[in-house]
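Work the whole structure out from these sequences, hints included.
Residue numbers (this note's numbering), protein chains in the order written: chain A, 534 to 862; chain B, 7 to 430.
Since the hints were derived computationally from the structure, they do not count as laboratory data.
Among the clues, some could well be false.
Derived DSSO-like pairs (lysine-lysine); straight-line CA-CA distance at most 30 Å [said to hold, decoys possible]:
{"id": "1", "chain 1": "B", "residue 1": "Lys214", "chain 2": "B", "residue 2": "Lys30"}
{"id": "2", "chain 1": "B", "residue 1": "Lys258", "chain 2": "B", "residue 2": "Lys337"}
{"id": "3", "chain 1": "B", "residue 1": "Lys337", "chain 2": "B", "residue 2": "Lys30"}
{"id": "4", "chain 1": "A", "residue 1": "Lys836", "chain 2": "A", "residue 2": "Lys572"}
{"id": "5", "chain 1": "B", "residue 1": "Lys162", "chain 2": "A", "residue 2": "Lys786"}
{"id": "6", "chain 1": "B", "residue 1": "Lys337", "chain 2": "A", "residue 2": "Lys786"}
So you can see what is in the structure, the chains are spelled out below.
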Amino acid sequence: MADVTYREALRLALDEELGRDQDVFLMGEEIGRFEGSYKVTAGLWQKYGANRVRETPISEEGFVGAGIGAAMMGLRPVIEIMTINFILVAMDQVINHAAKIRYMFGGKVGVPLVIRAPGGAGAQLTAQHSQSLEAWFAGCPGLKVVAPATPADAYGMLKTAIRDDDPVLFCENLVLYNLTGALPENGDGLVPLGRAAIAREGTDLTLVAHSYTVQRALRVADRLAQDGISVEVVDLRSLRPLDVDTVAESVRKTNRVLVAEEGWSTYGVGAELAARLQRVCFDDLDAPVERVGQAEVPMPYAKPLELAALPLESKIEAAARSLLAECGL
Amino acid sequence: MSEELTMPRLSDTMEQGTIGRWLKREGESFHEGDVIAEIETDKATMDFQAYEDGTMLRILVGDGETAALGAPIAIIGAEGEEVPADAPAAASANGGGRDNGAAEPAPAAEPEAREEAPVATATEEAPSDGGGLRASPIARRMADAGGLDLRTLAGKGTGPDGRIVKADVERALAGGARPAPAAPAAPQAAPPPPGEGDEVRELTPMLKAVARRMAEAKATVPHFYVSSEIDMTRALELRAELNAALADSGEKVSVNDLIVRACAQALVQHPQAHRSYVDGHHVYHAHVHVGIAVALDDGLIVPVLRDADTKGVRQLAVETRDLVTRARDGKLRQSEIEGGTFTVSNMGMLDVAAFSAIINPPESTILAVSSTVERAVVRDGAVVPRKIMSVTLSCDHRACSGADGARLLQTIKRHLEAPTLLLA
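Structure representation (structure tokens):
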């Protein structure tokens, strides 16, 4: 199969799951006739009709709640939140209902719901529309939170998420939509949730990332390779459950670890990994766990300031070099 | 009033101890019962607790250094108290003391002071900064594994604030940095120089103990060996039946558990094969404590099943699994690795046709168990397939005769071949 974009991989996964299971349906703003703000649902309204590709008013709390209700009754809704920034008005539904219903109903009722939402920054969309909030949700028991970085994982994990019996927040990234890559030739292409992947092997430094930051990390690894530094890139893929084992195995090999993420570092993915790794890899570390994230400010509008706030490759590279310099490399 | 802490006796065979690490630095205070150091004996790493409140005034034997039993290892006293001038200096068992102290330019006034007061040498060698050596965890681990005394790299670390990092240790190990010599050891013949590319490593305290005790045993205990073949067909059937019945409980009985059970029963019946030769006397053991040899990644330890004759196979199985797990994790207590009266060394899982084991003194017998293999044997005139296990009992001829050993082995064999006896 020819390479496809991340966007097309998502569309294909939705198409196949809609075709496979009558209980699957989509809900969201402008996802039908307009094919979605980012065209992820292109052609699906025409193919499956308005009953299974349902357009909603601008009312996230309402349609997330409706999705939860439908899921409790046995359907498998896939909800598109136009960007993750808009999920904030539906927080009560996500955190207080979707995440808790299985627990509060003694395990008798689950919520097989998928919420798709792109995050990310870099297009001067300023403070309210440039956030990467996945770490907030990854701190909430009852939710699964995934953030694939490649078309193959986007395809395989979306299908797995739809078939999962618990609520999954599926984090996409605006910059990733045009990334191209191959889909698996054989098999069903399903990718399990909760498993990280080694995106590139190396021996001197473990660079951990998720979502679009994985692509940045791979380019940083390329640059460092020119100086003879071998970087192993671990793509977390899932934030909850978090696959610490794979990261730890890498750290045992490299003895050094840098976590990069597009969101804020404070209480972020790097913070969580640092806490876990200092326990399981204490005697393997050659330097403290280091992390890079977005500057601790609301995202500025001005382009130079936006660039200054983003965890660009140059910043990840500088952090990697500084960490390696501490280790005499 | 300051006083010396000395190397405590933490195991009955220990002759010296190695400071794993100090948990209290110089100047730090502690309370009664606080763990102030971890000390590696020949068998285990033990906590060294303070027996009264106090303050660490001076560490005499640093992390990784070894001292003889009763030798001073630190000076403690009250907070702010001066170390008396006649106190021992920090041990310089490794020759150089602490490089970081020596490398720094001494204040101009000091040489004169040194001339006036002979104890100044001691003051100089004691670290002035509280004695902490900055090294990354992996650097410490690699130095430990490679037998490198990290203090030889003090002041030479290339990390932040002179932290010793992995690359420093790699360089030192590659450059043939001398392994830290053990405590002032008896003079020995110089070993032959290693060949090109060979790596010389210090033994861990455990391996040192194994080497010493095994050499001693083989050199001083007159071993003789009795071998036999045991038909394990019925014992294996019994085990399968037991495990099927226990499947729900998660318990599992191993062949080794059956062997331990058979040995414990047999030892009770043969007191002449269950006694030790000690200083011209025979010590008849009142309790049957069976040691089981556990192979570690690089080492060997023998945890002991106490009063094994009073325990059924299920209990032996549970206790064995716990002991073996903790043996591999290095979490055995001293009391769990001493006092054995008999040992089972089982290499059945390693596809072994036959072997004999070295006795673990003061025990007088050890059973070497080889693999069980299906063989054609003659029974009542017909050739039948049976599962045969060969065993070899090593005996101390000062404690028992050949016939004593043979009778013990016969009973073990009888119990395993008629395994309902194991349940009796």
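These are the hints, each one checked on the structure:
1. B:Lys214 / B:Lys30: 27 Å, holds
2. B:Lys258 / B:Lys337: 22 Å, holds
3. B:Lys337 / B:Lys30: The given pair, whose Cα atoms are some 22 Å apart, holds under the 30 Å limit.
4. A:Lys836 / A:Lys572: 26 Å, holds
5. B:Lys162 / A:Lys786: 25 Å, holds
6. B:Lys337 / A:Lys786: Holds, at roughly 26 Å.
In terms of the numbered hints stated before, the structure departs from none.
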